[in-house]
Amino acid sequence: MKRKRILSTTSLLFALAMLASSLVRVSAVPESPYIMVVPEKTLDSALTPGSTYTVTIYTDYAGSNVWSWQFALTFNPAVLNGTEVVNGNLITTAKDPSAIFQAGVFNNTKGTLELTYAFFDYGTTTSGPGTFATVSFDVIGYGSSDISFMRDRTSLLSLDPDPIIDGVRDYYSVGDGFFSNKLIGDANTDRKVDAYDLRKLGKAYGSTVGPPPSSNWNGECDFNHDFAINKTDLSDLRSNYGKSI
Amino acid sequence: MTIVDSARIRLNCLSAALISMLILSVFSVALIAPAKAPANITLWMVLNSDPGPGYYGGYHNIAAKLVTEFAKIGITVQRVYYDPGDWESIIWGDQWNRTGDYDGDGVHELGVDGWDLTIFEWWLNPSSYIWLDEMAYSWGTPPTGWNIMSWNDTIADDLYQKAQTATTSAKHTQYMYLWQERFMHNPPVIPIYYANQYSARASYLDGWDDVAWLYDLSQLDINETKFNEVAPTTPYDRRSVGSNTVIWAAADDIWTLFPLGTLTYTEETVNVLKQGMLYRQSREDMTYPTSGRFTVLPTLAAANATWYQKPDGRWTARVPLRSGLTWTDGVEFNASDVAYTWELNLDNAMKSQSYGDFSYLIDEVNVVDRYTVDFVYKPAMGPDYDFEGYQAIGWALGMLPKHQLWDPAHPKRHPTNWSTQPYSSDPLPDSADGIIGGGTKQGLECLGPYVPVSYTGTPGAIETITFQKRANFVNTLGWSPTMPDQFILKIIGTATTRFIALRNLEADFIEYPTAPVSDWQAMSGWPTHRVYTYLYPASHPLWIQQRNPVLSNRYVRLALAHAIPYQDIFTNVLPSWGVATPIQGKTFILPSHDTYHPTLPTYEYNIAKAQMYMNMYYYAKDQANWAKGPLGDHDFSGLVAVPDYPIWVNNLGKSNVTWPWWPSNPIDPDNTNNGWVELNDIWYWGPNVGKEYPYSDPW
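Chains as they are written, first to last, in this note's numbering: chain A, 1 to 245; chain B, 246 to 944.
Be aware that one or more of the hints could be misleading.
To be verified - Label pairs and their calculated CB-CB ranges:
1) A/235 <-> B/769: 52 to 62 Å
2) A/161 <-> B/413: 27 to 37 Å
3) B/413 <-> A/93: 51 to 61 Å
Unchecked claim - Example chain B residues on the side facing chain A (calculated, C-beta under 10 Å, incomplete):
4) 399
5) 613
6) 886
7) 892
Derived from the structure by calculation, the hints contain no laboratory data.
Please read all numbers here as calculations on a predicted model, not as lab measurements.
Ideal Cβ placement from N, Cα and C applies to all residues, glycine included.
I would like the entire structure built from these sequences, with the hints used as guidance.
Shown next as C-alpha cells:
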C-alpha cells in the first residue's frame with residue numbers, strides 16, 4: 001500500500017526534482033553549518049558497472065538541539081541505481097529508544113530517493129555533528145550523476161519552529177554530491193578522449209555555471225567539477241588525450 | 246523556559262489531557278461545532294475610476310472578466326470605483342489602515358479592511374530593486390514600506406534578505422530565483438502580465454528612451470534637418486515653437502513641487518528636471534534590455550560609492566560629490582545639501598514619499614568634508630551593490646537647498662508644513678525675481694539640468710511649465726551641448742487627448758501613451774513618428790489584501806491565480822490598450838531582468854484546479870470535508886513533512902469546544918475532523934508524508 005501511495009506521487013516528486021534541477025548546484029564546500037553528501041565528488045573510472053558506490057549524508061552542526069532530519073535525493077538512474085539506506089549515527093535508538101528511522105524509497109526509473117527521515121519523540125534532542133544515513137548505489141552505467149538534494153524536503157530540525165538548516169532558505173548550506181566513472185576528458189561519453197572532446201571543450205571554454213549559466217555552459221566539459229570550464233579542464237583533457245577504456 | 250522544557254511539561258500533561266478527553270468525548274458530539282457548508286465569499290475590488298492615466302491595460306475590462314470567473318468558484322466580487330485621489334488614499338494613503346466603514350455612514354461597505362482586491366501596475370526599475378525591497382518584506386507595510394498587501398512570509402523575507410546581502414552575483418541570483426519560487430507558492434499578488442507596449446515619439450527626437458526616461462537627458466537632441474522635413478504646421482504649428490525646444494506631455498496633476506512629496510510621475514518629472522540627482526540610470530551604453538539593467542552613472546556625485554565598515558560594524562557608502570555646481574541663486578552645492586536632504590527624507594515626521602524606500606536601509610547621512618558624504622547603513626544591512634541604483638531613482642529624490650529650507654524656529658531646523666509653503670506650489674525659483682526671500686517667486690532654488698522660467702495655470706493647478714537649460718549644470722557635468730535649450734511640460738490628463746497630442750505633434754513624446762494596437766500600427770509608416778514596441782518595465786498584478794482573513798489563506802490566493810483567464814485577457818482586452826504581445830506574469834521580477842527565473846512555470850487558467858484550492862480552504866477553515874483537505878499538512882505549507890509532526894504535538898488535547906476553560910482552536914491537525922486533536926489524528930500524517938496538495942505540478 002505504501003508503495004502505491006508513493007507511485008501516485010512520483011509525478012509530483014519528479015516535477016519538483018525538475019524544478020530543483022533548474023537551479024544551479026551548490027559548489028563543493030557548503031557554508032557551515034551544513035548538510036552535505038560525502039564524498040562531495042568522486043571521479044573514478046575504476047568504478048565500472050557492477051561496482052557499489054556509497055555516500056554518506058553528513059552534517060557538521062554541533063549544537064545540542066537536534067530533534068529530526070529529513071532528506072530526499074535525485075540521481076542519474078542511467079548510471080546509478082539505489083539499493084539501500086542505512087541509518088547514521090545522529091538519531092538512533094541507541095541514543096534514545098524513541099528514535100524512529102524511515103529509510104525511504106528508491107525510484108530507479110526516475111532516479112529519486114524520497115521519504116527518508118528520522119526523529120525522536122517530541123522533547124528529546126541530541127547533539128551533532130553526525131551522519132543522517134549512508135546511501136548505497138549499484139553502478140550500472142558509464143557516465144556521470146549529480147547526487148542532488150531536493151531542497152524543499154531536506155532539513156535539520158530542532159523543536160523550534162524554524163529549522164536549524166533548511167534546504168531552501170539555507171541554500172548554500174546544503175552540498176550536493178557528484179559521481180563520475182568517465183575517463184577524465186571524455187566530454188561526449190564515448191569512452192575515449194580525442195579531438196571531438198577537445199572541440200566540445202573549446203565551445204564551452206570560459207563558461208561558468210552561474211547562475212545564470214553562461215550561454216555556452218556544458219557540464220560534460222567540467223572535468224574537475226568545479227563549475228567553471230577553464231585551463232584546468234584543458235589540462236585534464238590533455239593528460240588523457242588519446243586514451244580510451 | 247525553553248521550548249524543550251515547555252514541550253516536556255506538555256507531554257507530562259498529555260496523559261491527564263487524554264484522560265479528560267476520553268471522558269469528555271462522551272459529551273463531545275453535542276458540543277462540536279457542526280461542519281459548515283462553504284459560505285459564499287464576497288470580496289471588494291476597489292478600482293481607480295480612471296483606467297487611463299498611468300495604467301496600461303484596461304483594468305476595468307480585466308476586472309469585469311474576473312467578476313465572471315471568480316463567481317464560478319463561489320466568490321462574489323463587488324467593484325467599487327473611486328476617483329484617483331480617493332483610490333490612492335484607500336489603497337496606500339492616509340486611509341490604508343481603515344477598516345470597514347470607509348465613508349463613515351455606519352454601513353460596512355468595503356469588506357473587512359477597506360479593500361480586498363485592486364489592479365494597478367508596479368515598476369521594477371532596471372537600475373535597482375527599489376520599489377521592490379519595501380514591497381517584498383513582511384514588515385514593509387505603510388508607512389514604513391509599500392507592502393500594502395500585508396504579505397507575511399518569513400521564508401520569503403529570509404530569501405530576499407539573503408539575496409540582497411549576497412556577496413557574489415551568483416548567490417544573489419540564486420536567492421532571487423528561490424524567492425520567486427516562494428512568491429508563486431504563496432502569492433502576495435497575482436501578476437497577470439508584463440506588457441510589450443506600443444509607444445511612439447517624434448521622428449526628429451533623438452537620445453530619448455522610454456525606460457531611462459527623464460533621468461538621463463544627457464543625449465536628448467532634436468535633429469534639426471529631420472525637424473525641418475516633418476514638423477507640422479497644422480493642425481498644430483510645431484515649427485513655430487522651434488527646433489530648440491522639446492515638448493513633453495505628462496499625465497498627472499501636480500499636487501506638490503516639494504521633492505519629498507512626490508506622488509505622481511509628473512511631479513517626478515519636474516523634480517528630475519529642476520532639482521538634480523546624485524546618480525542616474527543611463528541609456529548611454531544601452532545595456533537594457535539585453536541585460537535587464539541600466540548602467541548607473543554619477544551625476545551630482547563625482548564617482549561611484551566606496552564601501553567601508555565603521556568601528557561599530559555598520560557598512561557605509563562614501564560618496565564623492567562634484568564641485569563647481571551652484572544653485573540658481575548662486576550658492577554653491579556641497580555635501581551639507583545632500584546630508585540635509587537625506588536627514589529630511591529619513592525623518593518620518595516629514596512624511597516623505599520615499600521614507601519607506603530607505604528608512605529600513607539607511608541609518609544616517611553625514612558630511613565628511615565639503616564634497617564627501619557618508620551614507621551609513623542600518624546594522625543588518627549592506628554592503629549593497631544596488632546603492633547607486635537606489636540613488637538614481639529615489640522617486641525623484643532631487644537635492645534640496647539647505648540654505649533655503651533651514652528653519653531656525655524648528656527644533657530640528659527642518660522646514661515646517663512644507664505642503665503649505667510657497668515652494669510646494671510655485672515652480673519658479675525664489676531668486677528668479679531677484680529678490681531672495683521675498684517677492685512673488687518663492688519656489689525652490691534649482692540645481693538640475695533645467696530650471697523653470699514660466700508657467701501657465703496657477704500654483705496648485707499648473708497647466709504648463711517652460712524650463713530653460715542650465716549651462717552651469719550641463720557644462721560642469723560635461724553633458725551633450727546638443728540638449729535643447731527649452732523644455733516645455735504640458736499636463737494633459739486624458740489618455741485619448743494625450744495620444745492625439747502626440748499624433749499631431751503637439752508633444753514630441755508623452756507619458757503613458759495609450760491607444761489601441763491598431764492605432765499605433767496605422768501610424769507606423771508615418772515620417773513624422775517613430776513607432777516601436779518595448780518591454781514596459783512593470784508587472785500588472787491583481788493585488789490581494791491579506792488582512793482579510795479569507796485572503797490570508799494561500800489556498801484562496803492560489804484559487805484566484807487559477808481562475809484568471811489569462812489568454813482571454815491577452816487576446817480580447819490588452820490589444821485595445823496598446824499591448825501588442827503580453828507575457829504572462831510570474832512575480833514582480835521582469836522577464837528582462839538578470840534575476841528573472843526563466844524556468845519558473847506560470848499559473849494556468851483552470852477552474853477545476855481553482856475550485857480544488859477553494860475546497861482546501863474550506864477544509865482548513867470549516868472542516869467541511871476532510872477528504873478534500875491536506876491531511877497531515879498541519880502547517881499548511883502544501884507539503885506533508887516532518888515539521889508537521891510537532892504541530893500535532895503542540896495541539897494535542899485541543900478542541901473547538903467553546904468552553905472558556907478548554908484550549909481552543911483545534912482546526913488543525915484535527916485530521917479525523919471530529920473536533921478534537923487526538924492520537925488518532927497522527928495516523929493520517931505518517932502515511933501522507935511527502936504528499937503535496939492537490940496537484941503534482943508546482944502550483
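Requested in this report: With a cut-off of 10 Å on the beta carbons, see whether residue 886 of chain B makes it to chain A.
Outcome: Holds, because the Cβ-Cβ distance from residue 886 of chain B to chain A comes to roughly 6 Å (cut-off 10 Å).
**Report entry** Assessment of proposed distance window 51 to 61 Å (beta carbons of residue 413 of chain B, residue 93 of chain A)
**Finding:** Check failed, 43 Å falls outside 51 to 61 Å.
Requested in this report: Would you check whether residue 613 of chain B satisfies its interface hint, that is, whether its CB is within less than 10 Å of any CB in chain A?
Outcome: For residue 613 of chain B, the interface hint is violated, since the closest Cβ of chain A sits about 35 Å away, which is over 10 Å.
Requested in this report: With respect to the beta-carbon atoms only, verify the hint that residue 235 of chain A and residue 769 of chain B lie 52 to 62 Å apart.
Outcome: holds (56 Å)
Query raised in the report: Regarding residue 161 of chain A and residue 413 of chain B, is the given constraint of 27 to 37 Å on their beta-carbon distance met?
Result: holds (30 Å)
**Report entry** Interface hint status, residue 892 of chain B versus chain A (Cβ within 10 Å)
**Finding:** Where the cut-off is 10 Å and the nearest Cβ of chain A is about 9 Å from residue 892 of chain B, the hint holds.
**Report entry** Agreement of hint residue 399 of chain B with chain A interface, Cβ distance less than 10 Å
**Finding:** holds (8 Å)
In the structure shown, a violation is registered for the earlier hints numbered 3 and 5, in ascending order.
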